[in-house]
Amino acid sequence: MREYLRFLVRCFRLSFVGDWRYYTWMLVLTCIALLGLNAYCKQLVSGLATTGMTDQVSWGLYIANFTYLVGMAAAAVMLVIPAYVYRNEDLHEVVIFGELLAVAVIIMCLLFVTVDLGSPERFIHLFLRFNFPLSMLTWDVIVLNGYLLINLHITGYLIYSAYRKREPNKRLFLVPFVLVAIVWAISIHTVTAFLYSGLGGRPFWNHAIIAPRFIASAFAAGPAFIVLTLQVIGRFTTHHVPVNALRLLRQVIIVAMTINVFLLISEMFTEFYTGADHLLSTHYLYFGLGEHRALVPWIWSAVGINTTALVLLYLPQRNRGLWLLNTACVMLIVGIWIEKGMGLIVPAFIPTPLGEVVEYLPTLNEVLVGLGIWAFGLLLYTIMVRITVPVLKGDLTVDTLHPTEVARMATA
Amino acid sequence: MSLRIFEGSGVGASTCGRGGPGARLGVTRRSFLRASVGAAGGMAAFAAAISPLRELTSEHIPSLEQFLQKHYKEMTPDEMEAALDRIREKVEHRYKVRPNIRDIKPMDGVEFIYALNLSRCIGCRRCVHACVAENNQSRDPEIQYIRVLEMPRGTTDINQGNHHYDRATVPDENHFYMPIQCHQCANPPCVKVCPVEATWQEPDGITVIDYDWCIGCRYCEAACPYWARRFNFQQPKLARPDEIAADPNIEASRLNPEMSYLSNRPRRQGVMEKCHFCLHRTRQGRMPACLEICPVGARKFGNVLDPNSDVSNILKTKRVFVLKAELGTLPRFFYYFDERDPTAQDLPAMEHGGVAPKAPEESR
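So the protein lines, in turn, are chains A and B.
Just so you know, we're using my numbering here: the first sequence kicks off at 141 and counts up by one.
Just so you know, we're using my numbering here: the second sequence kicks off at 578 and counts up by one.
To be clear, the hints were calculated from the coordinates, so they are not data collected in a lab.
There may be inaccurate statements among the hints.
As the list claims (entries may be wrong) - Straight-line distance between alpha carbons at most 30 angstroms, and here's what the computed BS3-like set of lysine-lysine pairs gives:
1. B:769 with B:935
2. A:182 with B:647
3. A:182 with B:667
4. B:667 with B:682
5. B:667 with B:650
6. B:647 with B:667
7. B:814 with A:182
8. B:814 with B:667
9. B:893 with B:682
Said to hold, decoys possible - Where chain B lies over chain A, by a calculated footprint (3+ residues, C-beta under 8 angstroms):
10. 169-177
11. 261-270
12. 273-279
13. 490-504
Claimed, not checked - Quick list of the computed label-pair ranges, beta carbon to beta carbon:
14. B:616 with A:297: 28 to 36 angstroms
15. A:440 with B:734: 26 to 34 angstroms
16. A:297 with B:685: 56 to 64 angstroms
17. B:616 with A:447: 47 to 55 angstroms
Where is the CB? At the ideal position from N, CA and C, for every residue including glycine.
This is chain A alone, in the form it adopts within the complex (with noise of 0.2 angstroms):
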């Protein structure tokens, strides 16, 4: 115990260390982190009146970065796969930084809800009364603090072990935690795509197909975002990131990206030739209503991006390097952030369920909170990435020495 109390300090200091670069990365994070507590502290005084949300559209930026990042989670359980299942050995190696991802975005995820709460300070009430099961939104309270605690405590037994340079059980801690983790992920997207699907009164979410849909496109951002972080990671730690692992990573990312089309135009071919009332949403999204068409630009700009990535994906690249695929990544990770935030959020609500068309436009306050909360996540994520890279490696176990201790040493 004492120990484990000295690893987690020896971790803190650590993550005070590194060169100019690392600095200035995490100074820039800080910031804008704190931008956006400073908006959010403005929220609690004057209320969700500081953002754009109104009572016909009564959800908004926060719950479509929710709804995204829940997605993203999934990179994690995409490394799994191969790496537990097919005992595929490059995976292996980077295994682990899927699995942190999924940490810091959860965190992400559970931050997102708590500032669209009007009364947040009243969250204890989730413990007293928990209309479990009726309302979606406690299964998804379930799912996603469970897959947090199941990444938690793979991630921390991993560096643990490797800090205490102990071989893990991973019979007994490792393995059958993976494997309710691959079908964990899956859940959280199900939950999370119910939660919209099953609501009779919104004609643009009620339909079966939004669930496949969001695994489908999950599937395509979050290892999307996983190959351009292993990237980084290789080029500024000392970490090994075998090329094979991203170009796994590419043939996931081709298939998700492929299915997510199909199911949309399925989607809107059903809507479309129909033309039933359902449409008046759909409609609204991609050619507006009237003279009310802030969505889209956005949505055609994500087609736009989404089909040049899939074909970017879909060239020979065997030559070329890298860069053709980070170009789809980055193009994929935006597409599929206007198409699954404020594309699928935002059209519900429009018109109202009495034919009202009143728009949506996230205010700057409501803007600077999203990125303190991005920003936040992303530090998160770099401290994680900072004292994992050392640990696994060896440079950091029980009787080695710590950078700050070896000043010490210096000094004394």
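We have chain A; now place chain B onto it with these hints.
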């Protein structure tokens, strides 16, 4: 022992041994100074970031008793009385008016329903404003529970309704008018989705909210197919600033002191509210405020379990319909047009022209 963390990291360089008071502890003056400046700067930046919290008032921060107050259904009579006392004090403190607030329970053998005669409604919106006044709704911004649609003749498709009609006189001869408020569904989607059971259906059919339990997630607002729920995006006020400047007592004069816990007591920022069929009136034998004000008698309200009530008669004799019946929400709010159902008249029996073909399995 060497550590390679971030190649070329400047850790070693900054900590070359220098004597000084801290040297024994392994801290050089320079690194100590640097750490202190960093920590102080960080704390200062953090303090600056959370400085808006200084403007939090007692309206935002609950007292310990309020914070620990139980869910409506779990409160003992004593605890309810204490909760009511806290509300009395708060209202008196803010408006200088002592409210008559109680927790009025549903009556046995009563299930309320509403019926609205679309042939009579003239779209004057008096019900909207009577409701705002009765239920202490915020005037800045104004929260209204009732939305009146101006509908072109020839359709009941609400997507064709005009929400913002503004005429010198009503009704317009080319339109009819359709007021919509909470339909008090027998199968309410809003109740199902609430994660903390802050909203539920009472035995008399009214869906209520415990304003002290709602966490403000607005899932119910997304779930409601009738757009009947309203959220307090900011601290509700009973008058606009310019009205208060003209008459400082205007909020007190507007406050309706006849209140009940589950209906029209003042709400706070960050919680949901909605129509509750004026339960503080209707559970005591009175009519809802929207009905009382209606100049043309378009609104009918009563107990559907009483076979002789107005509303029971309307269900029996009029061809009523509900909005979005296909969603299975089973509204307790019925619309009808003012003509008699021919089958309810004493017409002579007539021989019919044949029956529908039987289903295949029946004919086998």
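Hints versus structure:
1. With a C-alpha separation of about 39 angstroms, the suggested pair residue 769 of chain B and residue 935 of chain B falls outside the 30 angstroms cut-off, and the hint is violated.
2. Pair hint residue 182 of chain A plus residue 647 of chain B holds up; C-alpha atoms about 29 angstroms apart against a cutoff of 30 angstroms.
3. Annotation: proposed proximity of residue 182 of chain A to residue 667 of chain B holds, straight-line Cα distance about 24 angstroms (limit 30 angstroms).
4. In summary, the hint linking residue 667 of chain B to residue 682 of chain B is supported, as the alpha carbons are separated by about 23 angstroms, within the 30 angstroms threshold.
5. Taking the CA atoms of residue 667 of chain B and residue 650 of chain B, the gap is about 22 angstroms. The hint holds against a cut of 30 angstroms.
6. About 18 angstroms separates the Cα atoms of residue 647 of chain B and residue 667 of chain B, which keeps this hinted pair within 30 angstroms; it holds.
7. Our distance criterion of 30 angstroms between C-alpha atoms is met by residue 814 of chain B and residue 182 of chain A, whose separation comes to about 19 angstroms.
8. Straight-line distance between C-alpha atoms of residue 814 of chain B and residue 667 of chain B comes to about 14 angstroms, which keeps the hinted pair within the 30 angstroms bound.
9. For the suggested pair residue 893 of chain B and residue 682 of chain B, the alpha carbons sit about 29 angstroms apart, so the restraint of at most 30 angstroms is met.
10. Counting residues of the stretch 169-177 of chain A whose C-beta sits closer than 8 angstroms to any C-beta of chain B gives 5, which meets the bar of three, so the coverage hint holds.
11. With 8 residues bearing a CB less than 8 angstroms from a CB of chain B, the stretch 261-270 of chain A meets the requirement of three and the coverage assertion stands.
12. With 5 residues carrying a beta carbon less than 8 angstroms from a beta carbon of chain B, the stretch 273-279 of chain A meets the three-residue requirement, and the given coverage holds.
13. Against chain B, the stretch 490-504 of chain A contributes 6 residues with a C-beta closer than 8 angstroms to a partner C-beta. That satisfies the three-residue criterion, and the hint holds.
14. Between residue 616 of chain B and residue 297 of chain A the Cβ separation comes to about 32 angstroms, which falls inside the hinted range of 28 to 36 angstroms.
15. Against the hinted window of 26 to 34 angstroms, the Cβ-Cβ separation of residue 440 of chain A and residue 734 of chain B comes to about 29 angstroms, which satisfies the hint.
16. The hinted range of 56 to 64 angstroms is satisfied by residue 297 of chain A and residue 685 of chain B, whose Cβ atoms lie roughly 59 angstroms apart.
17. Checked against the given bound of 47 to 55 angstroms, the beta carbons of residue 616 of chain B and residue 447 of chain A, roughly 50 angstroms apart, stay inside it.
In terms of the numbered hints stated before, the structure departs from hint 1 and from no other.
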